[in-house]
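2 protein chains.
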Amino acid sequence: MEKQTAEEYLELAELFKLFGDGTRIRILSALRSGEKCVCDIADELDMNKSAISHQLKSLKMANMVKSRRDGQNIYYSLSDAHVQSIINIGLEHIREGKEER
Amino acid sequence: MEKQTAEEYLELAELFKLFGDGTRIRILSALRSGEKCVCDIADELDMNKSAISHQLKSLKMANMVKSRRDGQNIYYSLSDAHVQSIINIGLEHIREGKEER
DNA sequence: TGAATTGTTGAACAACTGTTCAACTGTTCA
DNA sequence: TGAACAGTTGAACAGTTGTTCAACAATTCA
Numbered sequence: 001m002e003k004q005t006a007e008e009y010l011e012l013a014e015l016f017k018l019f020g021d022g023t024r025i026r027i028l029s030a031l032r033s034g035e036k037c038v039c040d041i042a043d044e045l046d047m048n049k050s051a052i053s054h055q056l057k058s059l060k061m062a063n064m065v066k067s068r069r070d071g072q073n074i075y076y077s078l079s080d081a082h083v084q085s086i087i088n089i090g091l092e093h094i095r096e097g098k099e100e101r
Numbered sequence: 001m002e003k004q005t006a007e008e009y010l011e012l013a014e015l016f017k018l019f020g021d022g023t024r025i026r027i028l029s030a031l032r033s034g035e036k037c038v039c040d041i042a043d044e045l046d047m048n049k050s051a052i053s054h055q056l057k058s059l060k061m062a063n064m065v066k067s068r069r070d071g072q073n074i075y076y077s078l079s080d081a082h083v084q085s086i087i088n089i090g091l092e093h094i095r096e097g098k099e100e101r
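First to last, the protein sequences are chains A and B. For the first sequence, this note's numbering assigns the number 1 to the initial residue and increments by one for each residue that follows. For the second sequence, this note's numbering assigns the number 1 to the initial residue and increments by one for each residue that follows.
Please keep in mind that the hints were generated in silico from the structure rather than gathered at the bench. Hints should not be assumed to be uniformly reliable.
[As the list claims (entries may be wrong)] Distance condition first, Cα-Cα at most 27 Å in a straight line; then the derived DSSO-like pairs of lysine-lysine:
(1) A:36 - A:49
(2) B:49 - B:36
(3) A:36 - A:66
(4) A:66 - B:17
(5) A:49 - A:17
(6) B:57 - B:17
(7) A:60 - B:66
(8) A:57 - B:60
(9) B:17 - B:66
(10) B:60 - B:17
(11) B:36 - B:66
(12) A:36 - B:57
(13) A:17 - A:36
(14) B:17 - B:36
(15) B:66 - A:36
(16) B:49 - B:66
(17) B:17 - A:17
(18) B:49 - B:60
(19) B:17 - A:57
(20) B:66 - A:17
(21) A:49 - A:60
(22) A:17 - A:66
(23) A:60 - A:36
(24) A:17 - A:57
(25) A:49 - A:66
(26) A:57 - A:36
(27) B:36 - B:60
(28) B:57 - B:36
(29) B:17 - B:49
(30) A:17 - B:60
(31) A:17 - A:60
(32) B:17 - A:49
(33) A:17 - B:36
[Stated by the list, open to error] Some chain A residues judged to face chain B by a derived CB distance under 7 Å, without partners named:
(34) 13
(35) 39
(36) 42
Note that the coordinates shown come from a computational prediction; the quantities given were computed from them, not determined experimentally. All C-beta atoms in this analysis are idealised placements derived from N, C-alpha and C, irrespective of residue type, glycine included.
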């Protein structure tokens, strides 16, 4: 385990902050089954496009999703496997927590 | 990959929210080298005991840390390996992001 | 006992954050 | 061209959150 700098801790917190919101984590989970346009995600989460777009912007700035335009639609997808890994371990933690009770 | 419920997403978000704060992630990182009392952590992070105690309470409620009293001191430690795993993968994500630039 | 130390608690304040709304850009197609 | 659709943006508002402060509880030890 390497030594972490104070700067790296702050970056870590910024990364996890993005996972720590119900809307954003549902967006990320929706994208686990493949790329989707803003419209699709908005329908799936029953929210307006503006709210989704704002959150996608945050996720994109953190390199958590990527996008490509195809005509009128802009398709978003997960940008790397770490996003899936973090979600999976989080789920493990929650499920083990329940077993212990 | 199992199907997740809406309830489980909210729990996930609550879990990650705790990682998404500079103070809390520094506390968790401080505990990676072994158990420490509130006083030690407060010194290490240069913050007062009250602020640390408030955050430790949140972390404990989420089963992320556990505690034991020894005389006047209450020693906190990480409660399971998932906490370490999540931090490690987060660091990987950040470091790979930098390589790509 | 009582002073000193460690830690917890709840209220209050300031700072931050997510959603909404309205206005806007970009693309398609008739 | 211009109407229709998809998406983005910035301002504003309400709700949430982290820290501080003062008061309190628990333990030790002289």
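Quick rundown of the hints versus the structure:
{"no.": "1", "hint": "A:36 - A:49", "verdict": "holds (13 Å)"}
{"no.": "2", "hint": "B:49 - B:36", "verdict": "holds (13 Å)"}
{"no.": "3", "hint": "A:36 - A:66", "verdict": "holds (11 Å)"}
{"no.": "4", "hint": "A:66 - B:17", "verdict": "holds (23 Å)"}
{"no.": "5", "hint": "A:49 - A:17", "verdict": "holds (22 Å)"}
{"no.": "6", "hint": "B:57 - B:17", "verdict": "holds (14 Å)"}
{"no.": "7", "hint": "A:60 - B:66", "verdict": "violated (35 Å)"}
{"no.": "8", "hint": "A:57 - B:60", "verdict": "violated (32 Å)"}
{"no.": "9", "hint": "B:17 - B:66", "verdict": "holds (18 Å)"}
{"no.": "10", "hint": "B:60 - B:17", "verdict": "holds (14 Å)"}
{"no.": "11", "hint": "B:36 - B:66", "verdict": "holds (11 Å)"}
{"no.": "12", "hint": "A:36 - B:57", "verdict": "violated (39 Å)"}
{"no.": "13", "hint": "A:17 - A:36", "verdict": "holds (23 Å)"}
{"no.": "14", "hint": "B:17 - B:36", "verdict": "holds (23 Å)"}
{"no.": "15", "hint": "B:66 - A:36", "verdict": "violated (41 Å)"}
{"no.": "16", "hint": "B:49 - B:66", "verdict": "holds (17 Å)"}
{"no.": "17", "hint": "B:17 - A:17", "verdict": "holds (6 Å)"}
{"no.": "18", "hint": "B:49 - B:60", "verdict": "holds (16 Å)"}
{"no.": "19", "hint": "B:17 - A:57", "verdict": "holds (19 Å)"}
{"no.": "20", "hint": "B:66 - A:17", "verdict": "holds (23 Å)"}
{"no.": "21", "hint": "A:49 - A:60", "verdict": "holds (16 Å)"}
{"no.": "22", "hint": "A:17 - A:66", "verdict": "holds (18 Å)"}
{"no.": "23", "hint": "A:60 - A:36", "verdict": "holds (14 Å)"}
{"no.": "24", "hint": "A:17 - A:57", "verdict": "holds (14 Å)"}
{"no.": "25", "hint": "A:49 - A:66", "verdict": "holds (17 Å)"}
{"no.": "26", "hint": "A:57 - A:36", "verdict": "holds (15 Å)"}
{"no.": "27", "hint": "B:36 - B:60", "verdict": "holds (14 Å)"}
{"no.": "28", "hint": "B:57 - B:36", "verdict": "holds (15 Å)"}
{"no.": "29", "hint": "B:17 - B:49", "verdict": "holds (22 Å)"}
{"no.": "30", "hint": "A:17 - B:60", "verdict": "holds (19 Å)"}
{"no.": "31", "hint": "A:17 - A:60", "verdict": "holds (14 Å)"}
{"no.": "32", "hint": "B:17 - A:49", "verdict": "holds (24 Å)"}
{"no.": "33", "hint": "A:17 - B:36", "verdict": "holds (25 Å)"}
{"no.": "34", "hint": "13", "verdict": "holds (5 Å)"}
{"no.": "35", "hint": "39", "verdict": "violated (21 Å)"}
{"no.": "36", "hint": "42", "verdict": "violated (16 Å)"}
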